[in-house]
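Trainee: Sequence:
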Amino acid sequence: MENQEITFFKGTHRIIPPSKTIKNNESKIKTAGITRITEITHLDRIGIPVFSAIRPTAQDGGISIYGGKGITPEHAKASAMMEGFERYSAEKQDTDETVIAGLNEIEGKYIDPISLNLPKDFSKDLLDTMNLEWSISKDLISGENYYIPSNAIYHPYVPENNVQSLFKGNTNGLASGNILEEAILHGIFEVIERDAWSIFELTHKNSKQIDLESIDSENINQVLNKYHENGINIKLMDLTADVGVPTIAASADDTVLKDAGLLS
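Numbering (my numbering), first residue to last: 52 to 315.
Careful: at least some of the hints might be erroneous.
What follows is a set of in silico ranges between Cβ atoms, one per label pair, in the way DEER data are often shown [claimed, not checked]: (1) T89 / G112: 18 to 28 Å; (2) G112 / S265: 36 to 46 Å; (3) N155 / S265: 28 to 38 Å; (4) N270 / D190: 47 to 57 Å.
No lab work stands behind these hints, which were simulated from the structure alone. Quick reminder that beta carbons are idealized off the backbone N, C-alpha and C, glycines included.
Turn these sequences into a full structure, and let the hints guide you.
Mentor: Here it is, written out as structure tokens:
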């Protein structure tokens with residue numbers, strides 16, 4: 052683990068500004084299969100910088116176009132680029148080492164597949180008879196190695212050699228960064244965010260509308276003004292859950308086009 056201070060705070064918290072992120076990683080674009088990164092800000096009337104990264108070699112079941120947004124064009128470009136690296140890294144590579152085994156054949160500590168919210172018809176006896184694919188992971192707190200179902204790591208997950216799938220894969224908690232700690236932090240933030248949203252969807256509680264007039268952040272107000280100037284109403288809801296990490300949901304309503312398909 053590295054101990055580096057966060058030095059960039061404009062729209063995101065990173066150890067270096069987006070311009071350096073782009074410079075440091077442009078040489079890796081070809082390896083990740085990214086063929087083009089282009090600005091698409093002009094495709095709407097809002098004017099918030101947006102870039103798109105194209106990766107035609109994405110595995111079946113994954114998407115090949117990734118968006119990035121930001122306060123500045125450099126920020127948006129870095130965001131799209133790093134999203135492309137995330138998706139590339141989430142795919143299983145030929146050099147990745149995995150183990151094929153039933154639950155009762157694993158030697159060492161493992162993450163119980165049942166703890167991953169499997170359907171109720173899954174049982175330990177059933178998992179003992181299934182050919183599952185396992186990857187070695189490291190606990191961030193204890194430093195111990197654990198076997199974890201590869202199905203919970205890769206996206207898209209395409210089992211081979213009579214290996215059975217447990218569930219449809221997803222990108223929850225997937226994040227990239229300039230250093231390992233930065234990626235870990237933003238991955239954890241995403242999991243907390245999705246957890247808070249899930250709790251809200253289930254209970255419709257723990258939400259409070261934020262008064263936009265109370266916001267004194269120059270960066271946030273810069274973005275809000277672009278929406279307001281174009282007739283788009285923004286609502287911000289505080290969904291912070293029991294974890295206590297601030298979580299905000301935003302919704303946008305285009306009062307000019309009045310197209311229900313644009314509600315987000």
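Trainee: The structure should be examined with respect to each hint, and the outcome stated for every one.
Mentor: Here is how each hint holds up against the structure:
Remark: the range hint 18 to 28 Å for T89 to G112 is upheld by a beta-carbon distance near 24 Å. For G112 paired with S265, a C-beta distance near 43 Å keeps the hint of 36 to 46 Å intact. For N155 paired with S265, a C-beta distance near 57 Å fails the hint of 28 to 38 Å. Taking the beta carbon of each, N270 and D190 are about 36 Å apart, not inside 47 to 57 Å as hinted.
Checked against the numbered hints above, the structure violates hints 3, 4; every other hint is satisfied.
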